[in-house]
Structure formats: structure tokens, C-alpha cells
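Model the full assembly from the supplied sequences, consistent with the hints where possible.
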Amino acid sequence: MKDNRMAGDANQRWISVLRIVLAVVVTLIIFFPVYWLLISAVKTQAETRLPIPTFWPQEFSWGNFGEAMRRVPFTRYFLNTFIMSVGLIILQLNVALLAAYAFAKGRFWGMNVMFFFVLAALMIPEQVIFVPVYVLMSDIGWLNTFWALIVPHGASAFGIFLLRQAFKSLNNDVLEAARIDGAGRFSILYKLLVPMAAPTVITLGVLIFISGWNSYFWPLIMTNVEHMRVLTTGIAMLRDSIRGDEHLNFHIIMAASVMAISPIVLIYSVMQKHIVSAMANSTFK
Amino acid sequence: MANVNKAKAASPGTAASVRRWGSYATLEKWKDFLFALPALAFLGVFLYYPLVNTIYISFTDWNMVRPDKELVGFKNYNWLFTNEDFYQSLQVTFLYTIMDVVLTLGFGLLLALLFNVSSKVYAFMRGVIFMPYYISMVIASMVFLWIYNGSYGFLNAVVGYFGIAPHDWLINPATVLPALVGVSLWKGVGFAMILFISGIRSIPVEYYEAAAIDGASRFHSFRYITLPLLSPMTLFLLITTFIASMQVFQSIHVMTNGGPLGASNAIVYWIYNMAFEQFRIGRASALIMIFFVIILVLTLLQWIVSRKKVHYEG
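Protein sequence lines, in the order shown, are assigned to chains R and P.
Following numbering that gives the first Met the number 0, the numbering of the first sequence begins with 0 at its first residue and continues without gaps.
Following numbering that gives the first Met the number 0, the numbering of the second sequence begins with 0 at its first residue and continues without gaps.
Not one of these hints is a red herring.
Pairs of lysine-lysine, DSSO-like flavour, derived with a Cα cap of 30 Å:
id, chain 1, residue 1, chain 2, residue 2
1, P, LYS28, R, LYS190
2, R, LYS190, R, LYS104
3, R, LYS272, P, LYS119
Looking from chain R toward chain P, a few residues come up when the C-beta cut is under 8 Å (computed):
id, residue
4, ARG18
5, VAL25
6, THR26
7, ILE29
8, ILE51
9, VAL94
10, ALA95
11, MET113
12, PRO124
13, ILE159
14, ILE220
15, ILE252
16, ILE260
17, ALA279
Just so you know, these hints were derived from the structure itself, not from any lab.
All values derive from a computational prediction rather than experimental measurement.
Note that beta-carbon positions come from the ideal geometry of N, C-alpha and C, so glycine has one too.
Laid out in C-alpha cells, this is it:
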């Protein structure tokens, strides 16, 4: 009996060793493209063209980053992307906070129908509505401005949904007490609800920032001048300028790409726990 | 909760709350509505109105080169339905989508089973696997463009090691779609894994304990407890991944431009190309409407099926 159990324990240990070995291998495979991006960004052109690629640079070519910045107005792209992403946070977050408050704690006629229209928006991708919005932006002279990049994305159905869930789970008694003390809606929302739901609000802000930073389709359509390009469209342009001969310059494209994703990777590393739990809880519960 | 409210309402000194929550004043309702108004206005102006407008444009011959447009009935739709490119585009999109959905969900579930361990090391590895989800599709496409490169790409070095001749993965009609699916799979598999793990963890442990007492094997527990109770999560992932895959655009725009010979000319890429390269707004809008109806029908269909088949916990 005792021997049996010990044999079982030994088996268990073997299984968990095997499991972690397999898990590490899988993790390394999935991490590989990021590693390849980083390592290619600091290789010399000659080294990117070896018949048998090297896993560690023979010689570090830090100049690739400067070269990428000389070829395209990289700082401008970076700034544009930052302005657009922060603008999206400010607008989307406030619009979503107000709406989430109304739908979670308010009462008005047609509330359910209106909330249905908010949720239905999740099913309409931006590729379905971009033509009339483009025409509208063109008519009011907003093409190639930050307005066209930010304002049409003012309402995020996902954000409203996420915040409404968070607000709904908060106790009404505190709000009632504040109301009796004469607090208005704005102070209840911003001084009471927002701090109480702070993790969700911050996570949503981070998610808006990331999706703004990574957006491509919208900036591609709404801007067509050099000084308004964002990182994604700018790097696509950098690559287009050498299309056909890219294999000569992948080290430069990779260097530009490393600079473009570094803020996101940094934010992700810091916020990972919150982001993962927000994602896991954002489904149908 | 309802009882508590009643008790409060009955107690003296809370007359104000009775007035507010008992018969909520008209003015208060208007104020609540005003808070929802900005969101509704944005959705109206930038989503629902453009949607209706796109339907209208799809019945016109609008060409961005000319200022005027005329109603032409179903001409754009007829043009599409009698065009071979349309059926090729549909085929490409569905083939891509099915590959992407099956692989993302399949590998997502396998990874969930492998990585569902509560320890710091596993949490760190889960974080690494989920990270590509937040790397922009454009950058991911650039990296894979480099890995797939016919002359100096890493993939050719790997297959060369196994004695296979180098390949132009993105220029061959047979490999271009799997190559594009690879990028999407790399980005999406971590997301599927995280959601599956969250689904598995919400299954009560007692079920497994009861099954173990009855002598069920690990496989039987998985087959008869985990899988059925995961079905709501599976359905959610199926729908969201399906709709996202159908919209494939960025990787195609960066990596293949719809080529070779239309072998990666998925619907959204074709829409973009028609509208902004050929300026055929009317035709593009007709294609948009067909695309939208497909997404809508599939979403509704999946929901109807799910109501009958999906096991929801009571």
C-alpha cells in the first residue's frame, strides 16, 4: 500500500516535470517572433543575409535605430500616435463613464432599447461604416486632422458595457447617502463611482490606449499626408518605400518596429495582471 | 435586496428617497437620459447613420472621381453576383476564417489545459503567451514578412534544415493563406487560452471530486464535465474569433496586397481596394452590405444553435 502510493507520487512528479518542460518549450516557440524582431533590429545588413541565420548578433549594430529615424520622420509619427491615443482615452472614457452611469444607476424611458443599440454596435465593424464617415470628414474639412482620428470613435460599446457591469455591482446605499447629502450626478459619478470602480476604469483606459496605438485601418483612411501619419501607417510607408528590396533593409524595418511597440510592451508588462483579469471577466458573465 | 429597500422606505426620515426611487420625477429621468446622450449621439452620427447611408450608396453608381451620383437599383449587386472575383473573394475569406477559428480555438484549449497551473512560473509564461495579442497587427505582419521572406527568412532556414527546398511562402497561392493564418494564430491563441482557463476555473471542483469517487478517468472527466461546461465560453470565442477573422485586412494589406492572383483577396481587403484604389464607392458599398449581412446572419445563427445545444449552468 505504502509502496504503491510512493510509486504514485513519483509518477506525479514525473508528470509535472514533463508538463513544465512542454510548457517552457511552447512558451519559447510563441516568444520566438518577438525575439527574432529584437535580434534582427540590432544585426548588420550583412548578418541578416546569412544563409544560416545567427541566433545572437555577431556584431551589434545600434545605428539601425538612428538610420530608421533618418529615413522617416519617426519622432513625428511617435508624437502623432501618442496624441491620438491620449485623445481617444479622454473622449472614450468620459463618454463611456457618463453612459455607463446612466444605464447602470439611472432610469429613463426606452433605456433597454437604447442599451440594445449600444450592444448592437459591437456587431458593426468599422469597415462597414467608413465610407460615409470619410465623406463626412471630408465635407467638414477634418481629413488629415486629429479630429478625424479621434471623434468618430467617441463611443466605445465595449467600454460602456464593461463600466456598466462594474457600476452595477456597486452598492446603491452609498449613492443614496450621497444624494441625500445633496451631491449632484457629476460628483457622484466622478468622486464616488470612479474611485470605487478604479481598477476597471484604469484597465479600460489602458485598453483604449493600446487599441489606439495599434490602430491601422482608420488612420490609413483618414490621413494621407506625411506629417499626420501614425506609427503603424508610417512603418507600412517605410516598408513601401523599399518594396521589392525589403530583404536588403529588414534590419531597419525591425529597428523601427521595436521602437514602435516598446511603449505597449512596457505598459503590458506593468498592467498584465489587470488586463488579463479584465479580459477574462469581459465575456458573457 | 428588495426587502431592504422596502424597509428603508417604510422607516421615517427617508422621505426624500421614497420620492426619488418610488416615483422617480420626470426631471430626474431627463437628467439620467442626458448622461446617456453623448454616447447615443456618437453612435448615431458615426455608426447608425453611416450604416443607413451605406445602404443608400450601394444602390448608386457613385464614383469618387465624379461629384454626382445616380440611383441605379441593384446594378452593383448584379455586378458582384455575376463576377468570378466575388466568389473567389468569398471562398478566400471563408477558408481563411475556418482555418483561423479551428486552429485558434483548438490550440487555445490545448494551451489552457497545459497552462492551467497556479504558480508564479506558469503565470509568467501565460503572460508571455498572451502578449502578442497586444502587439499591433502591422508590426506582427512586418515580423512575419521577415520570417517568411523567400531569400533570407528564418522559416526557410528551418525547413532547409529538414532538407526542404526554400519557398516563397507569400507568393505561392497554396501557402499564402496558411501563412496569413499563422500571424493571426500567433496573435490570438493566448487570448483563447486565457478565456478557456477562466472558463475551466469557474467549474465547481465538487463535480470532479464526485466523478473521481465514481471512478471516472481523467479523460472521462474532461469529456463529460470540462467540455460540456466550457461550451458557453467556446461559443463566445467561436463567435468573436469568427467575426474578427472575417474582417482580416491589416496582414493582407501589409504582406500580400491580395495576391498572388487574388489568392488572398479577402472581402474587407477588396472593399478597401475598390473604394480607395479604384474609387468605386457604389460597388464597394454593395460589397460592404453583403459582408455585413453575412456577419449578422452568422452571429444570429450561432446564437440560435447555442440556445439549443450549449449547456448553461443552472
